[in-house]
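2 protein chains.
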Amino acid sequence: MKLITAEQFRQERDAGSLEQDSNAEIDEIVLTIIKEVRESGDKALLQYTEKLDGVKLNQLAVTDEEFREARNAVSKTFIKALKAAKQNITDFHAKQKEVSWFTHSEDGIMLGQKVTPLDKVGVYVPGGKAAYPSTVLMNVIPAKLAGVNEIVITTPPDTNGKISPEVLTAAEMVGADAVYKVGGAQAIAALAYGTPTVKKVAKIVGPGNSFVARAKKWVYGDVAIDMIAGPSEICVVADETASPEFVAADLLSQAEHDEQARSICITTSPTLAEEIKQTIDQQTEKLERKEIIQKSLSANGRIINVSDLAEAFSLVNEIAPEHLQLMIENPSEKLGMVKHAGAIFLGNYSPEPLGDYFAGPNHTLPTSGTAAFASPLGVYDFLKKSSIIQYSNSALQAASDHIITMAEAEGLTAHANSIKVRKDAYHA
Amino acid sequence: MKLITAEQFRQERDAGSLEQDSNAEIDEIVLTIIKEVRESGDKALLQYTEKLDGVKLNQLAVTDEEFREARNAVSKTFIKALKAAKQNITDFHAKQKEVSWFTHSEDGIMLGQKVTPLDKVGVYVPGGKAAYPSTVLMNVIPAKLAGVNEIVITTPPDTNGKISPEVLTAAEMVGADAVYKVGGAQAIAALAYGTPTVKKVAKIVGPGNSFVARAKKWVYGDVAIDMIAGPSEICVVADETASPEFVAADLLSQAEHDEQARSICITTSPTLAEEIKQTIDQQTEKLERKEIIQKSLSANGRIINVSDLAEAFSLVNEIAPEHLQLMIENPSEKLGMVKHAGAIFLGNYSPEPLGDYFAGPNHTLPTSGTAAFASPLGVYDFLKKSSIIQYSNSALQAASDHIITMAEAEGLTAHANSIKVRKDAYHA
Chain C
2 MKLITAEQFR QERDAGSLEQ DSNAEIDEIV LTIIKEVRES GDKALLQYTE
52 KLDGVKLNQL AVTDEEFREA RNAVSKTFIK ALKAAKQNIT DFHAKQKEVS
102 WFTHSEDGIM LGQKVTPLDK VGVYVPGGKA AYPSTVLMNV IPAKLAGVNE
152 IVITTPPDTN GKISPEVLTA AEMVGADAVY KVGGAQAIAA LAYGTPTVKK
202 VAKIVGPGNS FVARAKKWVY GDVAIDMIAG PSEICVVADE TASPEFVAAD
252 LLSQAEHDEQ ARSICITTSP TLAEEIKQTI DQQTEKLERK EIIQKSLSAN
302 GRIINVSDLA EAFSLVNEIA PEHLQLMIEN PSEKLGMVKH AGAIFLGNYS
352 PEPLGDYFAG PNHTLPTSGT AAFASPLGVY DFLKKSSIIQ YSNSALQAAS
402 DHIITMAEAE GLTAHANSIK VRKDAYHA
Chain D
2 MKLITAEQFR QERDAGSLEQ DSNAEIDEIV LTIIKEVRES GDKALLQYTE
52 KLDGVKLNQL AVTDEEFREA RNAVSKTFIK ALKAAKQNIT DFHAKQKEVS
102 WFTHSEDGIM LGQKVTPLDK VGVYVPGGKA AYPSTVLMNV IPAKLAGVNE
152 IVITTPPDTN GKISPEVLTA AEMVGADAVY KVGGAQAIAA LAYGTPTVKK
202 VAKIVGPGNS FVARAKKWVY GDVAIDMIAG PSEICVVADE TASPEFVAAD
252 LLSQAEHDEQ ARSICITTSP TLAEEIKQTI DQQTEKLERK EIIQKSLSAN
302 GRIINVSDLA EAFSLVNEIA PEHLQLMIEN PSEKLGMVKH AGAIFLGNYS
352 PEPLGDYFAG PNHTLPTSGT AAFASPLGVY DFLKKSSIIQ YSNSALQAAS
402 DHIITMAEAE GLTAHANSIK VRKDAYHA
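Chains C and D, in that order, are what the protein sequence lines are.
Be aware that the first sequence starts at 2, since it is given in my numbering, and climbs by one per residue.
Be aware that the second sequence starts at 2, since it is given in my numbering, and climbs by one per residue.
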């Protein structure tokens, strides 16, 4: 893992900043898939599943029998962990619920904001070789709390046409309405435009590979999406009070995701920087996903030496990391220095995996610097607002000249006329 | 204006639903512009302004002198109307402010949601021949209330290189930090990626033509955007208590926007339907923007006869209109029937232009059915959240087995290791 200065970090970053993503090839495939799914519906879904996931299915929906099998296949230890996580996630997200509000004035004006849940939501859960039951919890629970009427999951099957029992158990536990065995851009197209089996939804949420991400970008606007997720990242700010062993383990946990994952440590202690570097090498040797970790760290892992915490936080706000760990003295005193981060973990005993699985806040977080403008997934993602406006006749008359003036200033005379007919009627 | 049934309306809609937007030509132009602005910065902005707006500028930023001239050019009546509107918009949006919250448990767990404003926002204001001071108020005021540090406006100049004095006066009144004379896709590219003059922003908001809308779709993800706005729409639900004159005037006010604008009336009264149809013809004759109105109404204007209000509201929820006017008896009793609408106007004295200019709620609303998943622009668009997680050593130890179980179920063993090193240290 490279040891660099803040200056060197900025140079590396700026050198890469004009690189355009080369999505042209992916886009061509994705747009063809979307077109075919819109035209041929379920038939296209089954064909792409055969072609891309290597399995010929007769039916897309997971059956009751398969849910039953899944329940029997998972361990009791897993069920207990899942239940405890579900409780924590529910408790945290319940605090995000929003209510409609209204104001009334003496002259007969009512203004308000009405909050309504989305009708139907689709959750994409990555699958194939891996299983992500935590994705199910983190996406379905806030939608349920918002009051979404119907929540469906799409996830690619393995080559035997099966879905991981852990994912199915989680889906059943949180009350998903259906699970469909379909992944990739074809799943996104189905959720966005509907097929006879997979009905059109109002919003698509959940992570995925680059085909899924590009498909989400393309359907965005016709349907809402949570975000276009980039590679996962962690930024650990550490001072001399941090344990090098803990910091190293946390950086490594990020690096195991994939080769694009970014693990960055910013430290005021040159001694700690050296210790972390050495500990990383020692720990990596013992880890299963050693190869991915080594590639990820060599490409995107950096330990940055800074002179003080002010410099550290200025770098943090430039990076706007998905995950930020503050392994420094009195971390909560420094929260005001953080402007941009998806989730902030305080102290030596709040490692990222605690947030990924268990603590309660959502693990779907803005990546690649988008924490500068985006939020963690939450109940608010599944609610929308309508403005309410009611004026009495007398209140409208009192406002009428101002409205006519503004409408005419914009050249919209039929707008002015809509007020004038009411003014004329009042004075008739 | 065509009189049809709900069934006929649905048939028309479904017949058009598979039409793909033909954006390929626009996209090619837009992507070239974005590329050139990223490569050549201000030079590209000045070149495109000369080419597309027909004026050769020396400087992009509006000067203090130009602001002074604008102040002197506008009428006192306009200033008074603008101030009254500003007050109402401020009062309404102030109620949307959000605060950070935290919870603490006895075993040393702190969880929370920290709310932070975006750093910098760009507001696109359409220009050229038209002037939209209301766009300035509706976009800048909520950003200011959110606490955004810097708010800049881009708007295309007229062929003399000038910006409308009404727009400049509004920009000064609400405290915009700068106004740049640049429009189209080039303005969106500048705001998304930055040039020496127009700095990169975190979010771009505001309406625009199809080049602006496509450019926003392309930069989305690198920067936040408010929405991809489609044609403007109104849906009036009217019963026999509605005044045909008022309904007609309101439908016409929508139709004058452009030929794509949609004016729909749904009524339970066949008599009223006929009266509205006739009144529309009479009123149209007297309106300045008669030609646009006639084209818009013939393409997209519909009066739909329904048997009862239940059928009316089921149609409303399918349409998810940008503007919904309920010109029926006891309209507030029917609010629960409305699931999807951008803004809802109640009664005979709450016409859409009241909301466009004056009442207080935002006039930037989800169009083209996107009210099924999107909200009016609000203070919440300029705020973002960070999750906060702090566990004590003992709280983490109590949770550690569950976290390890979940991480291992997902095959992420370095995640499990990050918990294990802390478990080992505790028991050492």
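Honestly, the hints are just simulated from the structure, not real lab data.
Predicted model only: the values in this text are computed from it and were never measured.
A portion of the hints provided could be inaccurate.
Identical copies look the same in the list; a pair holds intra-copy or inter-copy alike.
[As the list claims (entries may be wrong)] Below, a list of computed lysine to aspartate or glutamate pairs in the EDC-like style, where the Cα atoms sit at most 20 Å apart:
no.	residue 1	residue 2
1	96	107
2	218	29
3	200	15
4	424	275
5	36	15
6	84	409
I'd like to know which numbered hints this structure contradicts. Please list them from smallest to largest.
Hint 4 alone not satisfied by this model.
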